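Modelling step: build the complete structure from the supplied sequences, incorporating the hints.
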Amino acid sequence: MSDALARGATDALAHRRGEVELTLLDPAGRPLADREVVVEQVRHAFAFGCIGFDLIDHANGAADESALAADWLELFTLAVLPFYWGEFEPERGHPRTASLQGAARWFRDRGVRVKGHPLVWHTVKARWLDALPDAEIEAIVRARVRREAGDFAGLIDEWDAINEVVIMPDFDNEPDGVPNAISRLARHLGRVEMVRLAVDEARAADPGVRLLLNDFDLSADYERLIEGVLEAGVRLDGIGVQTHMHQGFRGAQLLELADRFGRFGLPVHFTETTIVSGDLMPPDIVDLNDFQPESWPSTPEGEARQAEELEQHYRMLVGHPAVASVTYWGITDRGAWLGAPVGLVRADGSRKPSFDRLRSLVRDQWWLPPTTLRTDGEGRVRVSGFAGDYAVQAADARAEVAVTAGSSAHVVELARS
1 MSDALARGAT DALAHRRGEV ELTLLDPAGR PLADREVVVE QVRHAFAFGC
51 IGFDLIDHAN GAADESALAA DWLELFTLAV LPFYWGEFEP ERGHPRTASL
101 QGAARWFRDR GVRVKGHPLV WHTVKARWLD ALPDAEIEAI VRARVRREAG
151 DFAGLIDEWD AINEVVIMPD FDNEPDGVPN AISRLARHLG RVEMVRLAVD
201 EARAADPGVR LLLNDFDLSA DYERLIEGVL EAGVRLDGIG VQTHMHQGFR
251 GAQLLELADR FGRFGLPVHF TETTIVSGDL MPPDIVDLND FQPESWPSTP
301 EGEARQAEEL EQHYRMLVGH PAVASVTYWG ITDRGAWLGA PVGLVRADGS
351 RKPSFDRLRS LVRDQWWLPP TTLRTDGEGR VRVSGFAGDY AVQAADARAE
401 VAVTAGSSAH VVELARS
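Per this note's numbering: the sequence shown = residues 1 to 417.
These aren't lab readings, by the way, just hints derived from the structure by calculation.
The structure presented is a predicted model; accordingly, all values stated were derived computationally and were not measured.
One thing to keep in mind: the hints can contain errors.
[What the hints assert, rightly or not] Quick list of simulated restraints, FRET-style, between CB atoms:
| id | residue 1 | residue 2 | range |
| --- | --- | --- | --- |
| 1 | Ala415 | Arg380 | 13 to 23 Å |
| 2 | Ser295 | Arg416 | 54 to 64 Å |
| 3 | Ala33 | Ser66 | 37 to 47 Å |
| 4 | Glu91 | Asp356 | 41 to 51 Å |
| 5 | Gly251 | Ala395 | 46 to 56 Å |
| 6 | Asp221 | Ile140 | 26 to 36 Å |
| 7 | Gly86 | Ser295 | 22 to 32 Å |
| 8 | Asp389 | Ala33 | 20 to 30 Å |
| 9 | Gly251 | Asp389 | 28 to 38 Å |
| 10 | Gly251 | Pro27 | 11 to 21 Å |
| 11 | Asp64 | Arg363 | 17 to 27 Å |
Cβ coordinates follow ideal geometry from the N, Cα and C atoms, glycine included.
Here's what the structure looks like:
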């Protein structure tokens, strides 16, 4: 990327930057005048997300994935944990609550926000639920949402409350021939009331949690659903937009999506991003699940392409004021969805060029490293950088402060470290 283009991209991120004037006080409450202090960024306000599926066993002490964990924490600030009902509770009454609570705590202990995905979905189903009569389904679904939202209150910051509602009532791709209980309920209640069920039950169990509607169908049908949900008085906290790009990079279409879904006045979350570092999936495949070759290798040419496209992807979306987060769907090729080479590290753990490219953005160009500043005679100092949390260190005293977009002023008392 040319220097001029890089400067242009940086200028486009003014809405992500802020400046704060800090009046620093020592632990006794006196102005920290004419003193050197070290300021450094510790996390972004923008959510750079990735699935944390690969680290669940590590977080619970059942596996050693130290290298992968270090790579994950180098890039990301939001972890997505899996709550697919069929895997979370394959046997009724025996959910994997403890395992995912352990993983959530592990991430939070490292300053990472946590997201649950999803509370309601018709796929990766609980087969025991399908066998139950229709009259029992709604109460069980409501109870499931309340249970998970309640059990993870204080651990999970946001949920995909309901996933892929556009297709939900019409879904009939059932290899086992057993009608899908969630789809049956969606046909009975309708799409808007299915969304209301998920959102209202989750919010009742955890009033402070953020709740998203999420979908891969980015047609006008999704826009009409969002309009209907909002008109019905259902309170959403964000709109999820899936962008798996196994068939090729979407380019400027990403900005069009941010515009289209940003018009609702809610934060837009690009919830599921994948960019392939090998051969692309044939363009005639309609359902991505229908293409799962025996081998799908990463290639040098594909990795170079992935790195370029990944940087474009993040620059465009971080540069769009409606976008609140971008979540990459898998740091590693090992066990990746559909077996595709979409990871930022290879199956053997070595980093691809895309890893270094993203790290250059989130830990270099969009990051304030430890920087020495001097306070004035009244203990004031100005800190400028990307919105997020910053640590201020003076001798053996320390504090954390938030820098928000725009400008602000705060009085900060440092505590003994």
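Against the structure, the hints:
A hinted range of 13 to 23 Å holds for the C-beta pair Ala415 and Arg380, which are about 19 Å apart. Between Ser295 and Arg416 the Cβ separation comes to about 57 Å, which falls inside the hinted range of 54 to 64 Å. For Ala33 paired with Ser66, a C-beta distance near 44 Å keeps the hint of 37 to 47 Å intact. Distance hint for Glu91 and Asp356: a CB-CB separation of about 43 Å, consistent with the stated range 41 to 51 Å.
Judged by the Cβ atoms, the range 46 to 56 Å given for Gly251 and Ala395 holds: they are separated by roughly 50 Å. The given range of 26 to 36 Å is respected by Asp221 and Ile140, whose C-beta atoms sit roughly 28 Å from each other. For the pair Gly86 and Ser295, the beta carbons lie near 27 Å from each other, so the given range of 22 to 32 Å is met. Here the CB-CB span from Asp389 to Ala33 is close to 25 Å, well matched to the stated 20 to 30 Å.
Our hint of 28 to 38 Å for Gly251 and Asp389 holds, since their Cβ atoms are close to 33 Å apart. A hinted range of 11 to 21 Å for the beta carbons of Gly251 and Pro27 is inconsistent with their spacing of about 53 Å. Our hint of 17 to 27 Å for Asp64 and Arg363 holds, since their Cβ atoms are close to 25 Å apart.
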